[in-house]
Amino acid sequence: MKMKRDEKYQEVLRLLKKHEPQLNNKKGLTEEIMYSIRRPGEITKSANRIQTCLFAWVGNYWLRGSMAIIAAVFIGMFVFQQATIAKRLENIEKQLVRSKNSFTQADQDLGTMQKAILKMVALEKDSITVSRSDLEAFMTSYLELQKSNENFKKNSVINKSLHKNLRKQAERNTSTDES
Amino acid sequence: MVLFSSCIDETTVLNIVHEDGSITRKVTMKGEDKKIDPESYRVPLDSSWLITNTFEVGEKNDTTWILTAEKTFASADEITQEYLHDKGANKSMKRSANFDKSFRWFTTVFRYTETIEKALTVDLPLADFFTEEELSYLSMPQRIQEELERGADSTRVKILADSLDDELGKYLVASFVKQWMEIFSEQAKSNPAHPLDLDAFRARESEFVSDLYVEADLEGFNIDTFIVNKLGKEFVSAFGPEIDSSTSMTETLAESFFSANEYDLGIIMPGKIIATSGYARTDSLFDEGEAILWKVDGTLFLTQDYEMWTESRINNYWTWILSALFILFVIIGLTIRSKSKQPGSNSK
Numbered sequence: 035m036k037m038k039r040d041e042k043y044q045e046v047l048r049l050l051k052k053h054e055p056q057l058n059n060k061k062g063l064t065e066e067i068m069y070s071i072r073r074p075g076e077i078t079k080s081a082n083r084i085q086t087c088l089f090a091w092v093g094n095y096w097l098r099g100s101m102a103i104i105a106a107v108f109i110g111m112f113v114f115q116q117a118t119i120a121k122r123l124e125n126i127e128k129q130l131v132r133s134k135n136s137f138t139q140a141d142q143d144l145g146t147m148q149k150a151i152l153k154m155v156a157l158e159k160d161s162i163t164v165s166r167s168d169l170e171a172f173m174t175s176y177l178e179l180q181k182s183n184e185n186f187k188k189n190s191v192i193n194k195s196l197h198k199n200l201r202k203q204a205e206r207n208t209s210t211d212e213s
Numbered sequence: 010m011v012l013f014s015s016c017i018d019e020t021t022v023l024n025i026v027h028e029d030g031s032i033t034r035k036v037t038m039k040g041e042d043k044k045i046d047p048e049s050y051r052v053p054l055d056s057s058w059l060i061t062n063t064f065e066v067g068e069k070n071d072t073t074w075i076l077t078a079e080k081t082f083a084s085a086d087e088i089t090q091e092y093l094h095d096k097g098a099n100k101s102m103k104r105s106a107n108f109d110k111s112f113r114w115f116t117t118v119f120r121y122t123e124t125i126e127k128a129l130t131v132d133l134p135l136a137d138f139f140t141e142e143e144l145s146y147l148s149m150p151q152r153i154q155e156e157l158e159r160g161a162d163s164t165r166v167k168i169l170a171d172s173l174d175d176e177l178g179k180y181l182v183a184s185f186v187k188q189w190m191e192i193f194s195e196q197a198k199s200n201p202a203h204p205l206d207l208d209a210f211r212a213r214e215s216e217f218v219s220d221l222y223v224e225a226d227l228e229g230f231n232i233d234t235f236i237v238n239k240l241g242k243e244f245v246s247a248f249g250p251e252i253d254s255s256t257s258m259t260e261t262l263a264e265s266f267f268s269a270n271e272y273d274l275g276i277i278m279p280g281k282i283i284a285t286s287g288y289a290r291t292d293s294l295f296d297e298g299e300a301i302l303w304k305v306d307g308t309l310f311l312t313q314d315y316e317m318w319t320e321s322r323i324n325n326y327w328t329w330i331l332s333a334l335f336i337l338f339v340i341i342g343l344t345i346r347s348k349s350k351q352p353g354s355n356s357k
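Chains as they are written, first to last, in the numbering used here: chain U, 35 to 213; chain B, 10 to 357.
No lab work stands behind these hints, which were simulated from the structure alone. Some hints could be false.
Said to hold, decoys possible - To give an idea of the chain B side of the interface with chain U (calculated C-beta under 10 Å), a few residues: (1) Thr116; (2) Asp175; (3) Glu195; (4) Ile282; (5) Ile283; (6) Ala284; (7) Thr285; (8) Ala289; (9) Trp329; (10) Ile330; (11) Ile340; (12) Leu343; (13) Arg346.
The C-beta atom is built at its ideal place from N, Cα and C for all residues, glycine as well.
Bound conformation, chain U alone (with noise of 0.2 Å):
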């Protein structure tokens, strides 16, 4: 009998297990478990809510993909303006130096060397030992100035009348054409 008793425990044990209990709003149910289980310090529910409602997007493929896409966009002409404008400072700045460096200091070394040259010669000493290929570039340098100013003395008079010359025809014709 006992036996028999057992076998019908066992029978509705088996039956029970076989149909699940049926559970109602199985999500509120589970975030409700979750807050309840949370540990202290955690988010609330309205923080909740409010990252679910910002950050919606997240959860549609198309919108994160476009969202990911404009912020790449932000970024990469962010960038290229910023490359673009220190590439056109980098050459404005060439423009100014070279500019400076064409006129005014194309040798600063020269310069320098100059100064220390005078003070050697004629503040400390009588006479200097200079390095034979020194004085032939020297000499080179003061040869090639001695000739570019012989040039332009003969040029000089036949460059600088040819403006006035022109000029003088242009107002003879005109005043011939108005008589």
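Starting from the structure of chain U, add chain B where the hints point.
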């Protein structure tokens, strides 16, 4: 009757460009006499300007009178209108001003341009005659040239200036010959009685240029005699009216070049300058700020438009903040997404 002087030693025009497109223009004229004839003004000035007269005494006790004029224009178009109605010394110059502002989200770029249209109709780039260094020196304001000629590199600068003189003569002759030949070719085409081989005629351009360059400097030079010698008496008698007309038209076209009175132009822009066609110095010549400088001279707009332009930019920091917030928002969203996808999370 008030007597005016037409002797102006130096004219400087400074344009201070503001972000809204308005321009404050300051003109400074220096001369030996207190009263200056308005017809000798290099840029348009009238009674609507705020004009003051001062003087300075030099080292040799010589007095230099300084006329300073200031006016604010609502836009660059107003400056262009003033140029159109100019009755001063440079009235034959075709000048215009233009201002552009473009919003590029992270920056706003400003561009100010003053353009002088070329005097002749032919195209002859200055770069064909001058090196980059020579062009740079040529367009430099005179005060800067004078500083360089007194500076540490004065010998080199003087040699450069002399080579510039040589090339300038060749350039002027080439320009006038080319212009004359173009006008003559057009006119000779419509002379059916005397057909002309225009290609053969134009091929002689370099010959005319080199001969004129040499002969123009000789004593007793006469352009009519030169033309007869080069083209022959028969040619001259056949195309006499065309030759005279071409010469006259060339002179008329070159009027703005011959009558051009030199002045310096400076531009101060809002924000940081990022590009310009002018001369930039590290130390400013003006109290108002760092200006880009140009020289306005007839040579510079004889055969090509002379464009004096400057670009500057300012940062739009509010867009930087907005963009950074947006990028941060996206990064946070993607981070939340990646965390919720990790094992053990409740997300689907």
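Can you give the numbers of the hints that this structure goes against, from lowest to highest? Violated hints: 3, 10; rest satisfied.
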